[in-house]
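Student: The task is simple: from the sequences and hints, build the whole structure.
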Amino acid sequence: MMTSTEMVFVIDDDEAVRKSLERLLGASHYRVELFKSASEFFSRSAYPGPSCVIVDVRMPGLNGIDFQKALIERGRQEQLIFITGHGNVPMCAEAMKAGAVDFLPKPFKPKELLVSVERALSRSAEQRRRAAEKNHARKLLDQLTPREFEVMQLVTTGLLNKQVGGELGMAEKTVKTHRAHVMQKLGITSVAELISVIQKAEVPPLVRPTAKVS
Amino acid sequence: MTLALIELFVWLKARSERASLALSVLAISVAAFAGLELALMRAQTPEQLGEIVRWLHVPAWVMITSLVAFTHLYLRAGRLWLAWMVVGVRTLSLIINFVFSPNINFREITAARHISFLEETVSVPAGVPNPWMLVAQLSLVLLVIFVIDAAIAVWKRGDRREALVVGGSIVFFVVIASAQAIAITWGIIPMPLTASLFYQCLVGAMAYELGYDLLHAAALARRLQTTEAVLHEGEKQMSLAAAAAGLIVWTWDIPRDEVWLSDKDRALLGFSRNEKLNAERVRSIVHPEDRQLVRDLVRKSLVTDKELEAEYRLLLPDGKVRWVTRRGRIELDTDGQPTWERGVLIDITEQKQAQELFQLATEASPSGIILVNDRGHIVLVNSHVEKLFGYHRNELVGKFVDVLVPKRFLTQHSSYRGKFLAAPETRAMGAGRELFARRKDGSEFPVEIGLNPIQTPRGLVVLANVVDISARLATEAEARRSREQVELLGRVSLLGEMTASLAHELNQPLTAIVNNATAAMHYIEQGSLNSEQLRDILTDVVGDGCRAHDIIGNVRSAIKKGSAIRARINLNDVVKTVARMVHPDAAAQLCKLEMFLAQDLPAFEGDPTQIQQVLINLVHNAFDAMRSTPPSGRKVEIVTSYNGDGTICAAVRDHGSGISGPTRERLFEQFFTTKEEGLGMGLAIVRSILEAHGGSIAAENADGGGARFLFHLPIKEGLTQ
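These protein sequences, in sequence, are chains A and B.
Mapping of the first sequence onto the numbering used here: position 174 corresponds to residue 174, and the numbering continues sequentially without gaps.
Add 214 to a position in the second sequence, counting from 1, and you land on the number used in the numbering used here.
These are calculated hints, taken from the structure and not from any lab test.
From a predicted model like this one, the values you see are computed outputs, not experimental measurements.
Using N, Cα and C, we set each Cβ at its ideal position, and we do this for glycine too.
Only true hints are included.
Just so you have them, the derived chain B footprint on chain A, three or more residues with Cβ under 8 angstroms:
| # | region |
| --- | --- |
| 1 | 7 to 19 |
| 2 | 22 to 31 |
| 3 | 99 to 108 |
Which residues of chain B face chain A? A partial, calculated answer using Cβ under 7 angstroms:
| # | residue |
| --- | --- |
| 4 | HIS718 |
| 5 | ASN721 |
| 6 | GLN722 |
| 7 | LEU724 |
| 8 | ALA726 |
| 9 | VAL728 |
| 10 | ASN729 |
| 11 | THR732 |
| 12 | ALA733 |
| 13 | TYR737 |
| 14 | ASP758 |
Okay, derived cross-link-like pairs now, DMTMM-like style, lysine to aspartate or glutamate, Cα gap no bigger than 20 angstroms in a straight line:
| # | chain 1 | residue 1 | chain 2 | residue 2 |
| --- | --- | --- | --- | --- |
| 15 | B | LYS633 | B | GLU648 |
| 16 | B | LYS370 | B | GLU423 |
| 17 | B | LYS514 | B | GLU503 |
| 18 | B | LYS654 | B | GLU609 |
| 19 | A | LYS109 | B | GLU719 |
| 20 | B | LYS520 | B | ASP467 |
| 21 | B | LYS613 | B | GLU658 |
| 22 | A | LYS111 | B | GLU739 |
| 23 | A | LYS36 | B | GLU719 |
| 24 | A | LYS109 | B | GLU739 |
| 25 | B | LYS806 | B | GLU851 |
| 26 | A | LYS185 | A | GLU148 |
Tutor: Now the structure itself:
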């Protein structure tokens, strides 16, 4: 269910719409913050918790589509729901391609909007969770020595210890020692767990040298 | 004798005067005859007499022969066979004369009679006459006949004086002399033979005649000399004039093949002063390319006495090329043989250069140029005309200009042409009319024609400048179409823009109302709504509702404000304009557009742009309604009519699926649409506009399928507020 950390931002130049959205979302127990324009939103610091932004396409100043571009340029990952009084198909397609959660023509059914908001917030939460996991995994991997990292990478490609030793020019026994250190440092016991950590850390997969494979 | 010498001299001087020779011989023989006669008078014995008479016949023969010759040569008449007969018979008598003894006159001379004659005693022969004398006398008769015949011929020829003097005197003196001789011979009259006297008179008469001729000839010669002097003067003046006019006068002696040119002209043409010129030499300065032409021309000129003319080039020794016109005429002799050809060469180089320049300019002209004479015949065309009309120029030159005029304009054209020739002036043809020209294949094309009258020595010619304007007209039509297209797009996008902004405007309060109401319901469900909150929410809902109402009101008033432009409009014109505007869309949707326009439709007062918008909207709806109709059945009909009740009516009918029952109810409501992309504003605006004009609109299903939208407009009433 809803947690108090979730936040919905509304950017619309029309006061009546802003106010009614605040009421509608408030009645569904979302925390809401209202902005008259995109630039006003940018002047607020990025919200750390799960959040989404409901933004009007047609606005004086930065319009909804340009606002989306500006966010992407800044590396921000807010989930966006577009609302528009009169949009068109190309505009909608562009927005969706750029990662918008939804594109709702006004007047939309409040339920549609609430569903979209829910989806946007869960996406946001998932995004945050993944970011946290990646952060954690990276921190774990950072403990490894470069040699251990190399051994770990080769192990995840499914090579036997002996083969890893051959690749790296070291004894099988040494490989075993490095492997034990890796498991210990990462606090895991299986190769499967190791792969999971690497995926979470989003370490680019090793391009395996093929020269010595026959 | 003297006369004989003179005539001899004359003959020697002019060998051709053979008549003079004959006369001279005559005179000598007469002199000889006279000598013998004198001897006869002095003779004492019959033997002497006989001998002298016999010898008398020798000069007599010469006399008669020379008389015949003289008559024939001088009078250029007389039958030759008669002449020969005279000479023949006389010769016969001369032979007989010498056969018989003592002579042809006497068989025997018995005695020498002495008679007194002019107080002197002279002897005459007496004896038996010889009957053969008749032969000699026959020759004299023949001579007389010959002369009379010749004289008659001359008389008939018209030279009456010659006939009388020559013919008359010969006959007269010969007859008298013969009569005397006969009379003496027969002893009828006692007198000595004095025939020579008569013959002397005859010679005198002839000499007079010849002398007259000589004098006459001398006078003629004098006159000729003066004339020649005058002629020479004239020739000099002419050659001066010729030089001034660039004329080269030439004469060609055809039998001798000699060409005469003045020294100056020889120099001009590069011939030396003493060079002997013949036709071939003269032809050698003709430009090689034109030589055959000149050869043909000369050949042609030899068989006609008409003046022939040709233009060709001369290639002079200095390498310069000169254009000349050659004119020449042959003179024929009495036998019809060419003797002379006289003519001129005219230097037309400058004229030709100007002509060439003109031709080049004409040819290069980007418009068609046609030169027409005052009788309407085409004199000249340039290559552009060939291109425009599809004729070769040979097919056009000399033809009547009407071949280039479409048949339906022919009568008009000839009357216009007459008017133009009556008052020629430089102007555009057919001011205000659309002009068309006819190609060889009968097709027509629109043209613009400029007319320039030109006075020439050969009469008035008209220079017509023809420009094919079909491309220009097409461009203009294209420009008009695209202008209308832009207008239409503007209008459509204006409408779109208007509806879009209207939608946006309206959607804001609607969104707010819905959100507020939903929020209130949430609160109620949660049981957490207090009356304060509820009032706030409802206040906002009312405010947004009012705001939406105001927006609609603004749109209507905007439409009304737009109606400030009021004009008298013919609905048919609007329909036609709209048909043109939507034509590309109709084509794109494979849709036929037909118009049935009422005649004499009264005008109404209103805003033409808005009425256009109404029609565009209805026609576009009709197109949209037929998306699922097979293309063969896609047709939109626009009908205008006048009901006679003070309203005019227009109907737009499509062949789509028609209007379903529930749809018809809400057709003109705002935001009601059956189209996926529609906003539902079109018909609402249409109705607003029509109502603003005091009109109304209705929709119905047409017989045979499809929908018909019908609107009425009052013709008198203006806008209603």
